[in-house]
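Chemist: So you can see what is in the structure, the chains are spelled out below.
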Amino acid sequence: MGAYALDILDQEEAVLVEFHMSGCYQCRTTVALMQSSAALIGESVDRLQPPASLQARIMRSLPGTGVEITTPAKTTASRGWTGSLSKVLMPLAAVLVLGLLSYSVYVSTILSSRVENLQRESAVLTRWGKLAAQESQVMDRLNELRAASDFLAETESTDVILESPNDSGNSGGILLVADDGRRAMLMVTGMRELEPPSSYDVWLVRQGQSMWAGQLKVDSKGWGAVTLHPPEPLFEFDMVRLTPAPSSDPVPGRGDMVLEGQIVSHKVAR
Amino acid sequence: MVRGHSKVVDYQEYDDHQLMHQVTLEDKGALEAIYTRYGSSVYSLAMYMLKQEALAEEATQDIFLNIWLKASSYKTDRGEPRAWIMSVAHHKIVDVIRARRRTLAAMDPDGYETLELLPSAQISTEEEVERNIERERILKAVATLPPPQRQVIMMAYFEGYTQSEMAEILKQPLGTVKTRVRLAMQKLRLVLEGDVND
Numbered sequence: 519m520g521a522y523a524l525d526i527l528d529q530e531e532a533v534l535v536e537f538h539m540s541g542c543y544q545c546r547t548t549v550a551l552m553q554s555s556a557a558l559i560g561e562s563v564d565r566l567q568p569p570a571s572l573q574a575r576i577m578r579s580l581p582g583t584g585v586e587i588t589t590p591a592k593t594t595a596s597r598g599w600t601g602s603l604s605k606v607l608m609p610l611a612a613v614l615v616l617g618l619l620s621y622s623v624y625v626s627t628i629l630s631s632r633v634e635n636l637q638r639e640s641a642v643l644t645r646w647g648k649l650a651a652q653e654s655q656v657m658d659r660l661n662e663l664r665a666a667s668d669f670l671a672e673t674e675s676t677d678v679i680l681e682s683p684n685d686s687g688n689s690g691g692i693l694l695v696a697d698d699g700r701r702a703m704l705m706v707t708g709m710r711e712l713e714p715p716s717s718y719d720v721w722l723v724r725q726g727q728s729m730w731a732g733q734l735k736v737d738s739k740g741w742g743a744v745t746l747h748p749p750e751p752l753f754e755f756d757m758v759r760l761t762p763a764p765s766s767d768p769v770p771g772r773g774d775m776v777l778e779g780q781i782v783s784h785k786v787a788r
Numbered sequence: 051m052v053r054g055h056s057k058v059v060d061y062q063e064y065d066d067h068q069l070m071h072q073v074t075l076e077d078k079g080a081l082e083a084i085y086t087r088y089g090s091s092v093y094s095l096a097m098y099m100l101k102q103e104a105l106a107e108e109a110t111q112d113i114f115l116n117i118w119l120k121a122s123s124y125k126t127d128r129g130e131p132r133a134w135i136m137s138v139a140h141h142k143i144v145d146v147i148r149a150r151r152r153t154l155a156a157m158d159p160d161g162y163e164t165l166e167l168l169p170s171a172q173i174s175t176e177e178e179v180e181r182n183i184e185r186e187r188i189l190k191a192v193a194t195l196p197p198p199q200r201q202v203i204m205m206a207y208f209e210g211y212t213q214s215e216m217a218e219i220l221k222q223p224l225g226t227v228k229t230r231v232r233l234a235m236q237k238l239r240l241v242l243e244g245d246v247n248d
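Going line by line, the protein sequences match chains L and S.
Residues in the first sequence are numbered from 519 upward in steps of one, following the working numbering.
Residues in the second sequence are numbered from 51 upward in steps of one, following the working numbering.
These are computed hints drawn from the structure, not numbers from a lab.
Not one of these hints is a red herring.
Straight-line Cα separation of at most 25 Å, SDA-like style, residue types lysine to any residue; simulated pairs:
#1 S:Lys-125 <-> L:Ala-532
#2 S:Lys-125 <-> L:Gly-541
#3 L:Lys-739 <-> L:Gly-708
#4 S:Lys-125 <-> L:Met-577
#5 S:Lys-237 <-> L:Met-519
#6 S:Lys-221 <-> L:Met-519
#7 S:Lys-228 <-> L:Val-535
#8 S:Lys-101 <-> L:Ser-579
#9 S:Lys-228 <-> L:Gln-544
#10 S:Lys-228 <-> L:Asp-528
#11 S:Lys-101 <-> S:Asp-145
#12 S:Lys-120 <-> L:Asp-525
#13 S:Lys-78 <-> L:Arg-575
#14 S:Lys-125 <-> L:Thr-548
#15 S:Lys-101 <-> L:Asp-525
#16 S:Lys-125 <-> L:Glu-530
#17 S:Lys-120 <-> L:Ser-540
#18 S:Lys-221 <-> L:Asp-525
Chain L regions said to be covered by chain S (calculated; three or more residues, Cβ under 8 Å):
#19 524-531
#20 569-577
Simulated restraints on C-beta separations:
#21 S:Asp-145 <-> L:Cys-542: 24 to 30 Å
#22 L:Pro-581 <-> S:Gln-68: 19 to 25 Å
#23 S:Ala-149 <-> L:Leu-580: 19 to 25 Å
#24 S:Ala-149 <-> L:Leu-618: 43 to 49 Å
#25 L:Phe-753 <-> S:Lys-190: 48 to 54 Å
#26 S:Gln-102 <-> L:Val-615: 50 to 56 Å
#27 S:Glu-176 <-> L:Ala-763: 58 to 64 Å
#28 S:Asp-145 <-> L:Arg-575: 15 to 21 Å
#29 L:Ser-626 <-> S:Val-59: 36 to 42 Å
The beta carbon of each residue, even a glycine, is placed where N, CA and C say it ideally should be.
Excised from the complex, chain L in its bound form:
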């Protein structure tokens, strides 16, 4: 956290710290104090006055800041001359107006279609936002999506698809493995939510031997995600498997509760 406050972490590490802080009040408080310390270090240098013009330059550089132009009052000195000129300009202006009208109708049609799409997306996002406000666990999922988005943006990764071995149900998942195999993001969907405190165990399998790699909870929508940091590169293993944790309430016919996927190293550039 001290290194984060000093801004000396690698980008990967900084993302992990920010992800952690988003859910940890104590660490946020600690980092805030450390950043205050760092700010005081920064303010302890010799104080210099910036150039007087700098403030105006900053204000001019702000988005939307334009230079005001005042138009001079119109004069009537050329009234007689404009009469004949208008005979030429008026038809030209009419043509221009018609052209602009046609173009504006075309653009308006395109924009209307785009607005409708955005409104549909907005409605979905609004519904999603309401759910997030009502269910704190959904906020955790949004943070996980953000982490996944950062993961996808940063790394070449190998994708491992997880499916139910019984080929039943709608459950599935994807494991995104970083190029060095030391980090991965597992996301699942269509899973049955288990009674708390139960969750799913993530196993890495090699030559029939299973190694526990992490735990994952799913929400009421069957979605779950977890970041894995295995002690060995993931490519050293043959398979990844998801099973209900032992303390969960057993339910008959839960073939769709188990997922597995073969780990094959092939990189996908993002």
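Model the placement of chain S on the given structure of chain L, informed by the hints.
Modeler: Leaving out everything else, chain S in the frame of chain L:
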């Protein structure tokens, strides 16, 4: 003066939180007030670290543009606005340093002994006294750090070196550098929490 309003707003009456909130509402007067309070600190830090006036001016301009654009990302539970502003400033300046590391003269890691205080002309005496007291505390705290810890803090903060880079420069294991950074920041944090007697 806020354009378009008949009432004159005195931003000096606003505290930093209120000013930040106003900036999120795209109140340029509020940003000007923040510049009045912290422009000197930001510019001074930029000059100290970049050592070139043109670079420092450009960096300061970019920093306040960032403050304008990212004011909504400031959260009150992440500390005081002042710390956030200086963090934005430091982040930008370090970016410039890292991009131009070859052209900037490297400072001797042992050359951070004197950080003198000069009064600012734009803040009230009472505020200046309070800030000087806090700076004295942090400077004393830094001075009391063991030299290896002080060194990494200064290299990290004023030179923008990452922990990996410092390990390479100092020819120390990365774990050692990380430990020094962690211990140093913990001690400085204690100063702010008032656990260290002056």
